[in-house]
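Student: Bring the two chains, given one by one in their own frames, into a single complex with the hints.
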Amino acid sequence: MTNNQNFARSSVWERLEPLLPSVERPSRYIGGEYGTYTPADYVAGLCYPGTYEVGQANQAIQILYSAANGVDGISAERVYLPWIDMADLLRKEGIDLFTLESFTPLKELDLLGITLPYELSFTSILEVLDLAKFPHLASERGEDFPLVVGGGPSVYNPEPIADFFDAFLIGEGEEQFVEFAQTHKALKAQGLTKREMLQELVKIQGVYVPAFYDVSYKEDGTIDAISPCCGAPDVVYKRIVNDLNKVAPVTCPVVPYMDVVHNRLTVEILRGCTRGCRFCQAGMTYRPVRERTSDEIVKTALDGLRKTGYDEVSLTSLSSADHSQLEDILRRLTRQLEGSGISVSLPSLRVDAFSIDMARLISGGGRKTGLTFAPEAGSQRLRDVINKNVTEEQLLATVEEAFKAGWHRVKLYFMIGLPTETDEDIAAIGQLVRRVLDVARENVAPRLRGNLAIGVSVSTLVPKSHTPFQWEAQSTDEEIKRKQQVLRDSMPRKGVSLSWHDSDVSFLEGVIARGDRRLSAILEHAWQNGSRYDAWSEQFVLQRWLDAFEACDFDPACVANRKRPYDEKLPWSHISTGVSESYLKAEARKAYEEALTPDCSFDSCTGCGMCQQLDCDIILGGEKRA
Amino acid sequence: MDRAALLSHLELLHAIERIVRRAQLPYAITQGFHPHMKLAFGPALSVGVASTLEYADVYLTEFVNPDVALSRLRDASPEALKVERVGYINPKEASLTASITILSYCARVHALDIDAKEIEKCFSELRKSDTLEVVQKDKVKVFNPALCIPNDAQVTKEGDSTHISFNLRISPSGSLRPEILLTTVFEQAHAHYSHLTLTRTGLYSESEEGLVPPL
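Protein sequence lines, in the order shown, are assigned to chains E and Z.
Our numbering numbers the first residue of the first sequence as 1 and each following residue consecutively.
Our numbering numbers the first residue of the second sequence as 1001 and each following residue consecutively.
Just chain Z, same shape as in the assembly (with noise of 0.2 Å):
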């Protein structure tokens, strides 16, 4: 696991704004009281989700050859949060932030008691209920598992590990939480584990010819 992995939402926030400062770049604030950075940044990574790739919309107030300022964020970013990329979205177009639909997640799964084809079989009848009631902070929440599972599961075994990669979809109800969604699956399948971790490995955007990596 990587100890980004470990940062709560507000605390990666503040890292990357820290990074974009120390970078340098000519950043936009907003007006009032209490001006701050225009950031933001994608669907939020609950504490212990791992992730190989986030976006961020850093607003600038003048132009920055992209090449210089991916190497002056890389020359300011701690190693557990290298910067990859950087582009220029058409302002007139969805911000990076807000084009994002479709998150993928793959799980490693220890010791799990079950084989692959049945998780693949669980994650497929659960797709096809009419709802799905989960409890969330404390609230209980319902979700379309069409709408918020858009494909099935993929399951595969590597010795004692189970891999289970999924896609979720950010739906106008909300997002439904990974690790909440791989406990029922589990619940429903009567599987025991010894232990998981969680990684967010893609989020994408949807569009006529499929998913895109917004960026």
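Looking at chain E on its own, in the form it has when it is part of the complex (with noise of 0.2 Å):
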């Protein structure tokens, strides 16, 4: 079952086997699928702090698993949370967690890898590290154990959780995680301790070492000053991949048994999305644009779909209408695929026709399932505060094209809470979807007419770190109930299926997400209460965060709901994107006049400042933009 015995290593399988078939769904911990690496005498864990599967789709966990076992000396194991059931179960017979390809007790790797998916996987870290036995402290974690790294996309502001871990990755992993491994590598075989290893690492671009910084606070409790020590930078700025075309894809990614979310074939088309959406932080965390070429991309998904037999592969990016070359890139794979039961899929689309072109491309003549607009705000003019630059006569015409070709099911996306926003601005939304319900109805045969569906899905803006947006008070959990109610009121009852956010989970996604280091002590309080799988909306209690948050005498609503001065220091004020903190003032006083900024990757530059920081460029079609 594991080749451990070469590298004086253990394995829990002998005693992890018999519980198996009393758990619950016992494929998510057998592994031995196909596509797995064997080890190596340096062994970096890769964890996704939840499900099997869930984290099996992550396509950076298999990003970095494939460039970490593609360097001779060096394996990267998976590991993931394991449901409550076996967490229990671990805890009760005193096995550590594992890795999935040796069963190797955490507490035995080199290098633990923690993505950072999302705000409320943090008490799911704590529960990963307590599974593991670790200490949740690092400055408890001795030298015996691996250092804890922590990467992805909620690592701008990693402060919440600075305590527990060693260091963070900023920015994109494929050769950063590597250069990170190789160098710790041959650090310890230097002998070196932990603290030494670290004032090395931190050297390596985007390496942040939260314990090299101090943080002092004013009396009003904002921040005074953040304070480097030990040779780390004043700022840390995100690593970025120049040219994607110079990383190798994925083109054998571990092929699971398990029937995971997102169970087919991804191959990233572009990274980065410079529309500029206000509210939005992968806009700005990913920037610049840079495209895969055609020729790339359409080899890499029929060679993937070769070497693992998927049936199907999704053309993945933040915005994948928007590739330059996206016609010719279905048109060949279509082509080349016809015959095989093997489909092609889009996972975003624009508001426009040539989507809808698209979308009917890659239907041929089979099923249409629906399609998904994001309008993100009901009225022009909200729509103008966040830059969506989206006209109702645009989403109206694309819906009745989408019908026209066959679609019968729409799924609407729209935010609530958004800064300058009024009670007409949410009604707007009532009044949209009622006008597009209107055009569905018309463009379709009448004994359709009683399948039509429009699905309405309205999330509250949780304001982010690193967006124009990150000075602004997120709206009070009162405020977002009352606004949900006038929605409500607003929508039309027959035809349109309407799902919002717990506003609960909102708000705390909002004190998390802007929080600083002192949060660390209300995730350790709130995990003793109970709190683990807290994005899982059967699991999430609120009561145990507000005990968590009057044990440690904190007012959540200073994080969330108050508006920061633009000269405030804010915790996340030494990691940058490349973005410049101006640009983003900038961008928040045009939310405020409804001033449009164009979209840097088809007009002139915006100013962002993040080409010239980070010497980088915008790729599309494989040219540098001029």
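Simulated from the structure, these hints should not be mistaken for laboratory data.
Treat the hints with caution; some may be incorrect.
[Unchecked claim] Derived PhoX-like pairs (lysine-lysine); straight-line CA-CA distance at most 25 Å: (1) E:K203 - E:K188; (2) Z:K1157 - E:K307; (3) E:K569 - E:K585; (4) E:K368 - Z:K1038; (5) E:K307 - Z:K1038.
[What the hints assert, rightly or not] Quick look at which bits of chain E chain Z covers, simulated, 3 or more residues with Cβ under 8 Å: (6) 18-26; (7) 30-41; (8) 274-287; (9) 305-319.
Quick caveat: nothing in here was measured; it's all calculated off a predicted structure.
Just so it is clear, CB atoms sit at the ideal spot from N, CA and C, and this is done for glycine as well.
Tutor: Next comes the structure, spelled out in structure tokens:
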């Protein structure tokens, strides 16, 4: 079952095996899938702090797994958080959390990388550490424990979990993680202490060692200063891959036995999005736009399908319809895959006729499941505030096109709680949905009108760090509940399926998203109160968190619901995406002026500062944009 | 226990489909809105039940030399699901999976507190009863024991472990699940044990010559 005997590491398999028939979905824990690697002398764990079926679909882990295992003498092994039944059983039996490749207890790894997918996963990280029998605080983990590093989408404000990690890798990891692991391996061989090693590792661009920064607070609880020491830089700039075409794409990811979410081959066709929606953190953190070439994408997709045996390939990115060669890619792929029963999918569409043409191209004469569009706001005024360059006419024309082409289901995403929002703006969501429904009804045969369905999903704005809205107050829980009522009252009753986010969850997400280091004690308390798997709505209990805030004498509203002055020192001000703070301020002011900013991938430079700061370029169709 | 024993029937089915695609065999697909591979798999295995050999029907659109197909399938298989044999079936005859009617199992029961003869006797008595009423998937199902359990069980002891080998027949009223049968036998014999592992050891067609492997 394992090959650990060559490397003086142990395996928990013998003790785990008898437990498996008694747990829910045991295929989460068996490993041995097609595409896995065998251990080397240096092992880095790659942990997704969630279940196997969610984490296995995580593209970042697939990329890092492939990159690290491609290096001699280093192996990467996957770690997932067991579901509650298994976690309880592991504790009862005294079995340490393990890797899936060799069933090595995490304590015996050299490095443990944990991805930070979402703020509500933070208590699950504490659960991972506890199941591995690691002290939560990095300062309490001695030389015998592996280095614990974090990275991923939520790394841009790592302060709430800073005390639990030895280091964070800010930015894109495929080159950075490998460099970090190789350097760490060499430093370990020299017999250095953890602190000595971190003093060397912090020299790698994008490495943030929280212990090397002292944070002091003013009397009002805001931050006074963030002072680096031990050779750490004043500001840690994110790491990026300058040209995606120079980094080998993943063509043979681990192919799970289990029916995981997004159970298909994914090919990342471009990275970054510069449409500039002012609420969107990903739009700021993944800049600039870098496309893979159509030749590379087609080759990767076909090669990946051959190697994995999947029956679907998804062309992923933040906005796949923005790829300058998308039509060429889809035509070539659908022609090559004709008659194979293998389908091509696009995860997101723009609100325009081109998107419908592309959707038509990949669905062929087959099933038309549903299309999703994100106008985000109901009124044009508010869409201008958030810089969502979509007009009502475009949306209605797109829906008309979609229904004429044979789709009967459309899903629309909106947000409430946006800056400057009035009740009229919220009621405008209902009015817009009504007009979409009218257009849909006019464009299908009368016998199909009963099948029409408009899904409307309404989330709450959670202002995120590194966005133009990072200084904004999040709407209070009461305000959101009231706005949700305005929304319900405005919505057509028939033909619409309305869903909205739980305001309690949004509130907590808001507290963690912009919290500082004082949050770590609260996270610890909440975990002790039983919080884990908070991102699963049936597991989320707000009271555990309210008790934790009270125990720590902390007012969460000061973080979530407070508008900050532009000159306030923010907890993440020593972490930079490359986008300048002055640009974010200018964008925030433009929001109040309802002024638009164009997309720099297609228009002139908008001055965010990224390309100059990080010495990178927008790359479209294999060419640097002039 | 092999880890493939922990896969659900659907997981196993998808794993086989992927092996066929990885092997680049010219597989046939169904027609319709949602085309998928034409593939049939034998009687489902419960999660936790291992198997030494399983059969699947895969429909090809053109001839591939069986040796070549086997080699490609083996290269494409994960360690826990190695393809062992391939062969062509006359399309006018019953498919492999349709021709299977007898399923053989072996249970290894640890620390069983009654002896082998008593288990054999209990099996034999159960076969002679008129009906067998069991709860499967929260539903009460009634089986004809003489039809569902074609032979007596063979029971041997090796140290702490008792090995019970028995056959089950797929009947028109459905299949009796082996773990349910064992539970019934142990209840009737008032037997206790620490744990057991169950393995499907064979799948057979019935002919005038007796039990024959379908391929």
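Student: If you check each hint against the structure, which ones fail?
Tutor: 2 and 8
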